[in-house]
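Q: Below are the chains, spelled out letter by letter.
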Amino acid sequence: MMQTTFKVHRFDPEQPEHARLATYVVELPESASIVDGLTYICDEQDPSLAFRANCERGSCGDCALRVNKKGVLGCTTKIVDVVGKDGIVTVEPIRHVPVLKDLVYDMETFLWRKVRAVTPWITPQAAGPNGASTVSEQKIAEVRTAMSCVMCGLCDEGCTVVAVDDQFVGPAALTKAYRAIFDPRDTRHVERLQSISEPDGVWDCTHCFEANGHCPIGIEPTDRIFEIRDEAIRLGIRSGKQNPKVRRHYDSFVNSVKKSGWLDEGRLAIESEGLFNVRGLLKLLPTAARAIVRNKAPIPYMHHKRPGAKAIRQIIEKAEGKRS
Amino acid sequence: MKYAFYPGCVSRGGCPELYPAAVKVAEKLDLELQELTDVGCTGAGVLSRDLSDPINARTFAKAERNGLSTLMTICSTCQGVMMQANHRLQSDTAYRVHINKTYLADEGLEYSGALEVKHLLWVLMEDYGADKLKAKLTRPLSGLKVAPFYGCYLRRPSDLMAPKGFAGRKTYLEDLISLVGAEVVDFGGKSKCCGFPILTANEDNSMRMVSDHTGEAKDKGAHCMVTPCPLCHLNLDGNQPNAEKKAKKPIGLPILHLPQLVGLALGFDEREMELQRHIVPPDAAIRNVKVNMLS
Ligand code: SF4
Ligand code: FES
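Chains A and B supply the protein sequences, listed in that same order. Heads up, the first sequence is in the working numbering, so the first residue is -8 and it goes up one at a time. Heads up, the second sequence is in the working numbering, so the first residue is 3 and it goes up one at a time.
Be aware that a few hints might be false.
[Said to hold, decoys possible] When the alpha-carbon atoms are kept at most 25 Å apart in a straight line, the in silico BS3-like pairs for lysine-lysine are as follows:
(1) B:LYS166 <-> A:LYS69
(2) A:LYS61 <-> B:LYS172
(3) B:LYS166 <-> A:LYS301
(4) A:LYS274 <-> B:LYS251
(5) B:LYS103 <-> A:LYS309
[Said to hold, decoys possible] Just some of the chain A residues that point at chain B, by a computed CB distance under 8 Å:
(6) SER50
(7) CYS51
(8) TRP103
(9) CYS199
(10) GLU201
(11) ILE283
(12) LYS309
It is worth saying that the hints were derived from the structure and are not from the lab. Heads up, the beta-carbon is just placed ideally off N, CA and C, and yes, glycines get one too.
Whenever a hint applies, use it, and build me the whole structure from the sequences.
A: As structure tokens, then:
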């Protein structure tokens, strides 16, 4: 048995000003998890403590928490592995979510509305003669990792964009989108890619790889997002209807590397806004003026070619030609 | 020590002060750089990987052809993109053979998969070594409070960027700041995204990130911030006035490139490190160092 001091976030929606960390001392075996600790507190010391846990084996995502400032699944995290030298563990709700009570937060605002927005079910063609929609082992292998997502939302909790904008669809929903996009039975491949290419979708991801670091079961959501994005590019989607700048940015980037072997930043800034978008171009002026004063503004289209430019162009053209 | 040097597009474009600062620092430290001039952009995480992997494989093959085993970058983004490409090419032989055959054979090039890609920060801390670097410093930056800003791609994905045996990479920037005699200002945003990659897709979010990080560092008492990534620099310095406006908060935090910070400690002056080119003028920070030099 071991003794641990739990400092647990308490929050009563009727008295939000009294949010605090309450202290509980628990006595539990070495094998106990954070959820075991919370259950013990609830059963033996304070039945008013609210928290969520369902499967208690790391497969439902219900118990996502912040323990000692790090997002974890409470049921698969052993106390002994996270307790500080002082014998204390701090348990708080995950970040960027509306908390309802104590450790319980609003899943609808946090995740479900975003998951619904990516229509996370597949739309197969009519079933085969035996009534089943079969799929080969090899073809489903690609989506198998994404299929093990338990929707804990820890990737969203760690997401650099969700932290500043809760409208961003986030890595958890994009992982669900990936699962449907790459399912060989689905018939809405292009439609899906178009839909998540609209603002607050896949192009709003900074690909900072935070999501990979926060996923407790190794789904590597950032890589899944890269794959979605590369597939969209392959099919010529490159942006949604509402954010044509993203497409212009990509096209300008490719074209400048094709032309000179490297990036013409001045050209990129102008072409991303759009050559005929007077308002957009005017918006660039103050930033450009500041750079000109400091003698650091790259002059658009005055970009010299790299010695290897021709070879690089050939590589790009060959790679683009290979996209089936 | 001899390296294939990959300066990246931005050190010659939007941050032209970075290239000379890096070259001067390397010269002073006797790092022998052989610049690769006939190679392409890494793709910067913008180009899809079917385009950028072969371009990067070509760069690696060129470095190998020059008889070099390590390629040095001065940009976290170049570092990350190249390292990820290199990882794919190294761990999947069939893929590497395919890239070699399809894209590099025309030029008689072939990438063996043996090249190491290292950011200047890693070169300084791992190859050069803290003791040797310390011995070269002529102007300890005492009194200067510096906030570190890594940029995503020098830290993540963590298993690739700081694998077993390289856990120290997570604090090299802080270690270097202390090594040059300055004070580290620790803050939550140091390993977060600067917002540059979504400047086009969502400017508001990008500016929020700039004002959050620079504002937090400033509030914690930083005189300046240092970054090993010129793309982070472009956003944190170049767009700081725009971010201040959006956040309705004056910040005014100078952002130094990594070689500039080292260069100052090596005795180069403000103009030699071309600090006058920054959008947020670093006067206050440098003044602080000078005061401490005299005292
Ligand atoms: S991808 Fe990982 S972190 Fe994100 S919801 Fe799924 S299991 Fe949780
Ligand atoms: S209770 Fe289901 S994952 Fe923890």
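Q: Which hint numbers doesn't this structure obey?
A: Going through the list in order, the structure violates hints 3, 6, 7, 8, 11 and respects the others.
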